[in-house]
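Novice: As a plain string of letters, each chain reads:
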Amino acid sequence: MKKKIAMALILTLILTAFGGCGSNNNAEKSTTQNQEDTQNQANTQESAGTEIAYTGEPVTVVLSFLAFSMPSAEGEAAVEAAINEITREKIGVEVDLLPLDGGSYTQQIPLMLAGGEQVDAFSMLGMSYSTMVNSGYTLDLEENDLIQTYGQGIIEEVGAYLDGCRIGGTLYGLPQNRDLASPNGYMIANEYLDNIGYEYDAENVNRITEEELEDIFARLHEAYPDKTVLVEQQLARVSVFNDYAGGDWYGVLMDPANSLELTDLYSSQEYMDYCLQHYGWNRSGYISADALTNQDSAISLVGAGRAMAYACGIKPGIISQESQNTGRALSAFQTEEEYVMASGGFTTMCWSINSNTDNADAVMRLLNEFYINPALTDLLSYGIEGTDYVVSEEGFYTYPEGTDGNVGYHPNVVVFLFNEFIAGVWEGNDIDVWKQTKEMNEKATMSLAMGFTFDGSSVSAEYTALNNVYEEYRNQIEYGFLDPETGIPEMVSCMKAAGLDEYIAEKQKQLDEWAAAQ
Amino acid sequence: MKTRKLKLIKKYIPIYVMILPGLIYLFFNNLMPLPGLVLAFKNYNARGGIFGSPWAGLQNFKYLFANDAWYITRNTILYNVAFIIVNTTLSVLVAIVLSEMTSKIKKLFQSAILLPYLLSMVIVSYLVYGFLSTDQGLLNKLLVSLGGESISWYAEGKYWPFILIFVNAWKGVGYSCIVYMSTILGFDRAYYEAAAIDGASKWQQIRFITLPLLKGTVLMMTMLAIGRIFYSDFGLFYQVPRNSGALYSMTSTIDTYVYRGLLEMADINMSAAAGFYQSIVGFLLVLGSNLLVRRKDPDSALF
Amino acid sequence: MIESNSNKIFKIFSYALMSVLSIVAIMPMVLLLTSSFTDNTTLIMNGYSFFPEKWSLENYRYILNNSTLIFNAYGVSIVLTATGTIIGTAMTVLMGYGLSKKDLPGRKIISFILILTLLFNGGLVPTYLVYTNVLSVKNTFWGLLLPGLLMNGFNVILVKSYFVSSVPEEILEAAEIDGAGEFKKFYTIALPMAVPIIATIALFIGMGYWNDWNNGYVYISTKTDLYSIQNLLNRIQQNLQFIISNASTSGVGQAANDIPSEGVRMAISIIGILPVLIVYPWMQRFFIKGITLGGVKG
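Protein chains in written order, with the working numbering: chain A, 15 to 532; chain B, 170 to 472; chain C, 2 to 299.
Careful: at least some of the hints might be erroneous.
Unchecked claim - Over 10 Å on every C-beta distance to chain A, these chain C residues come out as not near it, computed from the model:
1. Ile13
2. Phe38
3. Gly76
4. Leu130
5. Glu171
6. Phe184
7. Met194
8. Tyr218
9. Arg286
What the hints assert, rightly or not - Okay, derived cross-link-like pairs now, DSBU-like style, lysine-lysine, Cα gap no bigger than 30 Å in a straight line:
10. Lys510/A / Lys523/A
11. Lys55/C / Lys241/A
12. Lys176/B / Lys55/C
13. Lys465/B / Lys174/B
14. Lys180/B / Lys109/C
15. Lys231/B / Lys523/A
16. Lys241/A / Lys180/B
17. Lys109/C / Lys275/B
18. Lys276/B / Lys174/B
19. Lys310/B / Lys55/C
20. Lys103/C / Lys180/B
What the hints contain is simulated information worked out from the structure, not anything from laboratory work. On a predicted model such as this, the values are computed, not experimentally measured, just so you know. By construction, the Cβ of each residue, glycine as well, lies at the ideal position given by its N, Cα and C atoms.
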């Protein structure tokens, strides 16, 4: 036995030596090398006045993003060529698009970064921003005045929100221009409302009270006992007014405009009220008995006629968007007046640059161009005009005649890209939907914690335990299958056993330190 | 002794050539990535790569032993033990029965029981849902039509050990019985002929010839399964229960716990720690059981 | 007479058992089949049923509309499985035979390494690094063929045990006396006797390749024409999970419309099983005991 163990150990040692060869040598480039690269650029810049002309070899930048509908090889190549037409001369950059489909995006990006493959810029959609930063994958965007020199356009467009992407004061990501906050409400199918004789406005958002909503649900249920009234979904982890400072819901700011004190969301009266409401709905039969295990989206359930209403963030254009998605006429009902622009919301889909990129300047120039150039945005979001989309007389973008949506390039991602406010408006929205969105953003309650991000590495064990507890209870309580009066205390005590108080204390400590440093 | 050994080596050169491709493959595929296990003890940072990243001691293992976490270990072990017992018994039974069959319909049976193995666990979870969903499930419809009440299968944990053991057997027996079948086929028919001449019945033949001869294979398969005792089929424990919170205490295993805990974090270190933990335990168990087996029946030992 | 009765009971028991098991095994598959022919709205409204209210071919029509993608994936699966099975089986059988030589110097060490590979796994990231950086197989056919599936210790152990227990030393020694070298012994004697185990291993490896979606998921990111059928199906599922868990992120929900419906997923699954359904019965002939070389008293 001893001999065998010895052999095994020797073997492991040998392998370690070999293993070293296969490890991530590429990741060991230092920042000084980055600087050298910058100076060795094939591009020459003539900074005469405000015009910078680029000559010499263009730098290729790999841009990766999540595409829900993967483009065809030709479609992608055409779009790349069109983009390069613009960027080659203007900023000396050629882009190599790397769209990845939904589920594999979040797995591929960390793998590619760890493997040292060229991915220069990528979105954080679906991944944890703080984990990625802590793993060292992201570049400090203010290093050597990178963003100040090449990203002025970005600063102008989103400058107010840049702080939202700082961790420990350093800027690692670029926020987007999109709908950043919206009030919560419900979409209900018109057909059923007509049938129960309820008067509503089909064009605009209906502002109603909670009691009126109860009334609508009750009447819908009475008229259609076999249908589900409300589809429960895992929306924004409980739409109770709060700012989930630090990026998770273990310890939130219940009064974000005025106080920086973190409290436990799940012990709050607001959470209890929310769950009681759903409990009542469930007992009254408005909720499907299969809600706990349902994997069909609300859109397909309502579209098929199995359910009648679902909760939704009410943003501009939502009526036409959801009506199109479900294939039914829907109306929007809003019950909330106030809504928060969450401090953690900017990092959900922000853009970062690979810390190992060869040419940070070129990448920043490219990103800057995307933020300010409507032509580029349209190319990236919608493809080639004429082939992948056409512009109607009223100015709406839509699929070309006869293609029925089967075009070479339509990744369905305009909202995930850089600056949706300068993009074309797809058919079915209001023509000034972006203006409305901007207004909606401005009306949101700003949180005092704007700019704070939490480093949870010291409490990661508690975090995983808390996640497991929450995942166990959330649907049961929030969909009304468990009586909140007993269920919530039970969940909270399990959370405390998992370390909730320690977790919140750590977050509060970092929040206080950050506030003091402001 | 040394010259004798050298002579053997020389004689066996063709044998070494035969083994070589396999070894090369195993080297690249399995051995080279092994040092990566150190990630379990490190705080991975892209700047340092795997070997340059700072050490983290045992910190990455903490979450696996957190306050409530004992139940995931309990579940994992108990389920695997149940799986080993149920699947082995059924597989051996089916293998013996099938190998004694001579009619054409045997092929049909064989294909039929293998079919479930071909389905991905995701599809299996849909099918299970088709039977067990509260509103539309076939089982509830049957119960109601017989005058009973429909049961919220996905909200009651107590049914699930049976459900999962059943699904696991349903999916796996058709596949694992193949091993036993081909082993049985390798047995010398002369034994059976001799026994038949001596007047032994089928049952007796099975008891005294087939089973003892099969013992070695069963032991080997069991030991290998023991080595995986801390692992679980993620699809089975996550997809089939449809991630219903009410079932967690009965259906959570180490793998699902890790997945749920790290859902948004994608923490390489912590998942590496989990993998390491599972491997080490399995390794020690196999070493132990192999020692035991070697003492009793050296030919059946793994090494 | 007693003998015959008890044998009869055994027979009845056998057929009864296998019939029950077969029905239990097939029943859900029938459900799968019927749901693939069900109109999607009916699926959502009524759930699965053996007798759907509304039959429809729309799921298969969807497949035909996306035929290039799907049939291409089919082709990939078939070529991959064929190649992998042949190479993998050869490697496994050779290694298994080699290790069956009880007096082979170094046998214990090699066996130990084999077990080691079964019990320890370096993890996704290190394996990925080896295959991508050292072997450069990303986005190539090799990326589908090599990682994980070509050969594993379990199969080698199976082959080794088979040779040890079913190919008696005496026969091989007899051949050696007649002047045969190691290769010849293997090729002319051991191999023909190993037909059942070769078929078994080929089946295992083949099914491993056919069912695999992991390699495609990890190693194929840009070359969509290298997707296998199972990889395709799995991607759809992963995209769906992504949408469900990120539903709160504005704009994600509507992507759900691009995901093929449940009925289509069922149909793709059916297509994914078909080739195996055809090949397996054909392969079963190899599970019949091959050549009997006359008894050797053990």
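Novice: Taking the earlier hints as the rules, which of them does this structure contradict?
Specialist: Structure breaks hints 4, 8, 12, 16, 17, 18.
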